[in-house]
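Trainee: In order, the protein sequence lines correspond to chains A and B. If you're matching positions, the first sequence starts at 1 in this note's numbering and goes up one per residue. If you're matching positions, the second sequence starts at 1001 in this note's numbering and goes up one per residue.
The hints are simulated quantities; they were obtained by calculation from the structure and are not laboratory data. Cβ coordinates follow ideal geometry from the N, Cα and C atoms, glycine included. Be aware that a few hints might be false.
[Stated by the list, open to error] Have a look at the derived ranges for each label pair, beta carbon to beta carbon:
1. G1016(B) - Q60(A): 47 to 55 Å
2. S28(A) - D1028(B): 27 to 35 Å
3. E5(A) - E1056(B): 22 to 30 Å
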Amino acid sequence: GENVEQHPSTLSVQEGDSAVIKCTYSDSASNYFPWYKQELGKRPQLIIDIRSNVGEKKDQRIAVTLNKTAKHFSLHITETQPEDSAVYFCAAVVSGGYNKLIFGAGTRLAVHP
Amino acid sequence: DVKVTQSSRYLVKRTGEKVFLECVQDMDHENMFWYRQDPGLGLRLIYFSYDVKMKEKGDIPEGYSVSREKKERFSLILESASTNQTSMYLCASSTGGAIINIQYFGAGTRLSVL
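Bound conformation, chain B alone (with noise of 0.2 Å):
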């Protein structure tokens, strides 16, 4: 059973805190994503990683940047966050290579900055 897991379901920030968001997978996959979700927008990506220390841009990266110092754990970071930046952000991860295959989400986390 694929378990992705994010260290926090609910975090609330001050305006200008670094923030640290971590996710960890079970199952060995070499992509990992980080996508926010709101209302009526639907999921949006963030950062994606096809492999150790290597990251890629999403459709709205400004604001955030990614680690991924192991192929089990994707970082997403809030360098200074911003009440633009309360959202719930999704991490997910799915096998790599030629054939797509299902991409697995974790919990989510509910950031609240204020």
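Chain A with its partners taken away, still in its complex shape (with noise of 0.2 Å):
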């Protein structure tokens, strides 16, 4: 079935550096591509997304890169905060209709002051 990797599983930076996320994904078909971001204790809440349509997209201190040949996408942070600080869920949908989503396993970032 449809799969999605996540890398790495735990970040630690410290604050004001870069943090990078990794996602692989198995289904050729698949043309959209969110991230979530859950902290502690709360619902997981959608930060950007991507349509296959596009190879980049930015918002403020977030980017998001998709390279269909190789089937990966990544989330950029730049100039991290400790508020920041969460596990973040990359996701593709699956082909077929229905806005069915497949999530990697999280990463837990730890951004420190």
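Can you join these two chains into the complex? Each is in its own frame, and there are hints to help.
Mentor: Take a look at the structure:
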């Protein structure tokens, strides 16, 4: 079946550094890739998404890149701040309708002051 | 502002009990989803529904069933709870149609089965 692999599982950075999280997907027909942030004890919330007709999307300090040929996409956070500490999930839509998502296992990001 | 509300934040049940987890959304969304969240495994889809009374199995449906009698409400049912169903359960909803849209999540129900 469809699969999304996410790396690393944990990431520790100093405040101000950049953080990169990488995901690969198996369904070559997948065309939508959201990233969710889940702070401790809270619900997952969408922070950025990318559709397959673009290779990069940026929103202030966060950006996502997509390489359809290699079937991988990455989240980039620049100038990290302590409030960026959370678990981040990548996902890929399952082709065939209904807006089904397959999620990666998550990356726990810790930003140290 | 989209609101997805799960009826309980914490539940403690005994093995063999029938358990109902309720989810309500207020945005007239067609699609609703139930996920299970376990450390190191991400979010795994249990069941989803794309319309009233319609349901489809996700990746891990065994031991669960669902009910969608009204558009705004999607219930997850554990027919006979077991200890391996101890987990965080997340509900989500999204609009339907051909264009893929954002899934909005509820705050989650942490279920402990003793």
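Trainee: Take the hints in turn and mark each one as holding or not.
Mentor: Evaluation of the provided hints:
For G1016(B) and Q60(A), the Cβ-Cβ distance of about 50 Å falls inside the hinted range of 47 to 55 Å, so the restraint holds. For the pair S28(A) and D1028(B), the supplied restraint of 27 to 35 Å holds, since their beta-carbon distance comes to about 33 Å. The beta-carbon spacing between E5(A) and E1056(B), approximately 24 Å, falls within the hinted interval of 22 to 30 Å.
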